[in-house]
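Given the coordinates of chain A, assemble chain B onto it according to the supplied hints.
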Amino acid sequence: MLQSLKAIKNRIRSIENTRKVTSAMQMISATKLSRLDSRLVHNRPFARGIESILSNLLLGRQVSLNPFLEPRPSGERIVLCLITADNGLCGVYNNNVIRQAEDFISRYGWDKVKLVIVGKKGWSYFKNYRESILHSYLGLSGRYSDKVCEELLNNLTSLFLSKQADEVYLVYTRFKNALTNQVVVEKFLNIDIKPGEAKNEYIVEPNISRVMQELIPEYLAARVRLALLEAFTSEHASRLVAMRTATENAKDLLNSLVLLRNKVRQASITREIIEIVSAAEALKG
Amino acid sequence: MEKDFLVTILSRDNTLYEGRVKSLNVPAERGYLGVLANHDFLVSNLVSGKITIRKPSDELLVINSKGKGFLEVARNKVSMLLTSA
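Protein sequence lines, in the order shown, are assigned to chains A and B. The working numbering numbers the first residue of the first sequence as 1 and each following residue consecutively. The working numbering numbers the first residue of the second sequence as 1 and each following residue consecutively.
Read the hints as simulated data drawn from the structure, not as lab findings. Hints should not be assumed to be uniformly reliable.
[What the hints assert, rightly or not] Mimicking DSBU-like on lysine-lysine, the simulated pairs with C-alpha atoms at most 35 Å apart in a straight line are: (1) B:Lys66 x A:Lys147; (2) B:Lys3 x A:Lys194; (3) A:Lys147 x B:Lys50; (4) B:Lys77 x A:Lys163; (5) A:Lys194 x B:Lys77; (6) A:Lys263 x A:Lys20.
Bound-form chain B, shown alone:
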């Protein structure tokens, strides 16, 4: 079982993050949503809030999302699209 997974966070005009992470915490409509490796297939829309990324080195990275967004989890590959960040 893999312990980390690939995350790509894109906004309209920028790539905000691209790399492997240990865990992910995102603001979904009904509260924060945690994603670990080997998560099931998931699509969710996101609201504004703090996106927290734990890198493989246990370093934390926080991205403030100010608008809507979408999250897709598929086979240890996560892509996040944010309308404004």
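Chain A extracted, bound-state conformation:
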């Protein structure tokens, strides 16, 4: 028993505190996750519905109906919007997004790609390329708000409309379930969706250009909203899993330290008894 009893007690106390923090964070993530998850569940069919109407309408029609549908030269002026978290402590969540973004950038080169970043982690990783960062949204901490969503949408669309960008891509994490999620790179603009399979001609009320004028902004808004919700839900899920693992590890560590503490204490008691007994023996003799 080389370690002193006091040192072990100190370690136990500090690990206990850490465990309290991680288990609190776990609970916070769990509530945030369940709140966002229920929103996500409803937003997915909404976004899918709008996409399917749009793709059915686009079938066999001129694509010059809207500036967002206009084909642009590819691989020249690209904007990449990556969605990361503000805080760490969520496992490999941020690293996965950043790695995908780096892959993407290395494919085209820094001279062609500009960045729009959501989340401090992504920003601090790419801050050495500050001149390439067009917009950044920091301090959201995984809280979704319609205001931010609108702002991000306006920035992305105005970059495209002002021809500062010919293509806009989104990199974010898609939520599958609490244990798995997947980083996706998606083309956001120009709108490039496959025409639907319905071979039937639709009646369009009042007329196609009016419907497109309403439908396309709503489609784009739904995509941005969904991307943010997916990313934030995955963030909380990753944090939940990371914190649960940390809490469990702390418990294991505590158990073994408590055993060690008891052994050390017992040993010191035994030693003291031996000292007393041998001292008594010596006095007798």
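The following block gives chain B in isolation, referenced to the frame of chain A:
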């Protein structure tokens, strides 16, 4: 010929209605639009107003839509997407 059809009404954060209906009345841009079973393929944008649903039991259900929306009718399947309700 079928007498009723399937309707799904979704808002961003909610499913407002899902089920079979006999008829449907929705606020389109140029006035209210009625939909019965076996309607032709149709896409329309919606404005704010009252959406009236007649269920197969002839019970009426009214949903107030406060924002924009879209309606798609295809093969006795109607989906409606509302931005706010």
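Evaluation of the provided hints:
Pair hint lysine 66 of chain B plus lysine 147 of chain A holds up; C-alpha atoms about 19 Å apart against a cutoff of 35 Å. Of the pairs offered as hints, the one joining lysine 3 of chain B and lysine 194 of chain A holds, with about 33 Å between alpha carbons and a cut-off of 35 Å not exceeded. At most 35 Å may separate the alpha-carbon atoms for a hinted pair to count; lysine 147 of chain A and lysine 50 of chain B meet this at roughly 28 Å. With a C-alpha separation of about 40 Å, the suggested pair lysine 77 of chain B and lysine 163 of chain A falls outside the 35 Å cut-off, and the hint is violated.
Straight-line distance between C-alpha atoms of lysine 194 of chain A and lysine 77 of chain B comes to about 21 Å, which keeps the hinted pair within the 35 Å bound. This hinted pair checks out: lysine 263 of chain A and lysine 20 of chain A have alpha carbons roughly 25 Å apart, not beyond 35 Å.
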